[in-house]
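Chains as they are written, first to last, in my numbering: chain A, 1 to 110; chain B, 1 to 114.
Derived by calculation from the structure, the hints in this document are not laboratory data. From the three backbone atoms N, C-alpha and C, an ideal C-beta is built for every residue, glycine too. Check each hint, because a few of them may be wrong.
[Claimed, not checked] Partial selection, computed: residues in chain A whose CB lies under 8 Å from chain B:
| id | residue |
| --- | --- |
| 1 | V27 |
| 2 | I43 |
| 3 | L49 |
| 4 | S51 |
| 5 | G52 |
| 6 | T91 |
| 7 | Q102 |
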Amino acid sequence: KNEVEQSPQNLTAQEGEFITINCSYSVGISALHWLQQHPGGGIVSLFMLSSGKKKHGRLIATINIQEKHSSLHITASHPRDSAVYICAVGTKQGAQKLVFGQGTRLTINP
Amino acid sequence: ETGVTQSPTHLIKTRGQQVTLRCSSQSGHNTVSWYQQALGQGPQFIFQYYREEENGRGNFPPRFSGLQFPNYSSELNVNALELDDSALYLCASSRAGGSGETQYFGPGTRLLVL
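When you get a sec, could you build the whole thing from the sequences and use the hints?
Next up, the structure:
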């Protein structure tokens with residue numbers, strides 16, 4: 001079992017829909033990161049959170065430390081939101097590193 | 001503020017060769033982390049350099065080595081290349097070491113080993 005699991009792996013929706021991507025992890029963490037990767041490889045950090053909820057524009061990230069679960073929500077989705085969304089956790093034990101999920105490929109159709 | 005840059009953008013090598021990839025960190029950042037991303041997979045942590053010292057390493061063999069320079073730029077060296085080393089190599093810089101800092105990623109170097 002991977003230390004970080006994301007669901008769904010692929011998601012296709014229509015413009016305007018509310019999107020939810022889930023992330024579960026099994027290790028102790030210092031922080032959880034949500035990242036966006038566009039075709040061609042560039043990765044942008046969207047959020048880093050260790051508790052509660054953060055909002056930036058149409059993006060909302062939440063984390064439940066007790067349940068070891070985080071969600072990324074996109075409101076009023078737009079075709080330009082199409083990308084791979086990656087959840088990564090910063091580990092507390094041993095080498096302090098980021099452990100990444102497999103990513104969720106999101107496609108928003110106009 | 002200058003972003004993270006990587007060079008080269010693309011590289012083709014043959015098995016057994018050696019390669020050096022370069023990363024310039026964002027200004028004000030003293031930490032660089034390197035990741036390998038195989039096609040269709042999430043990135044895997046290779047190692048992190050903090051103030052010129054290795055500050056954590058993932059499950060990669062010793063033929064993967066690195067350096068960080070006084071200006072905090074960094075190199076990733078891979079010896080005795082194997083076909084499975086074909087991947088996108090990403091570096092990311094941050095203000096401090098560890099795993100609890102926001103990381104700023106470079107555009108990556110795409111390596112193909114034939």
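For each hint, the structure was consulted:
{"no.": "1", "hint": "V27", "in the structure": "violated, 11 Å"}
{"no.": "2", "hint": "I43", "in the structure": "holds, 4 Å"}
{"no.": "3", "hint": "L49", "in the structure": "violated, 11 Å"}
{"no.": "4", "hint": "S51", "in the structure": "violated, 12 Å"}
{"no.": "5", "hint": "G52", "in the structure": "violated, 15 Å"}
{"no.": "6", "hint": "T91", "in the structure": "holds, 6 Å"}
{"no.": "7", "hint": "Q102", "in the structure": "holds, 5 Å"}
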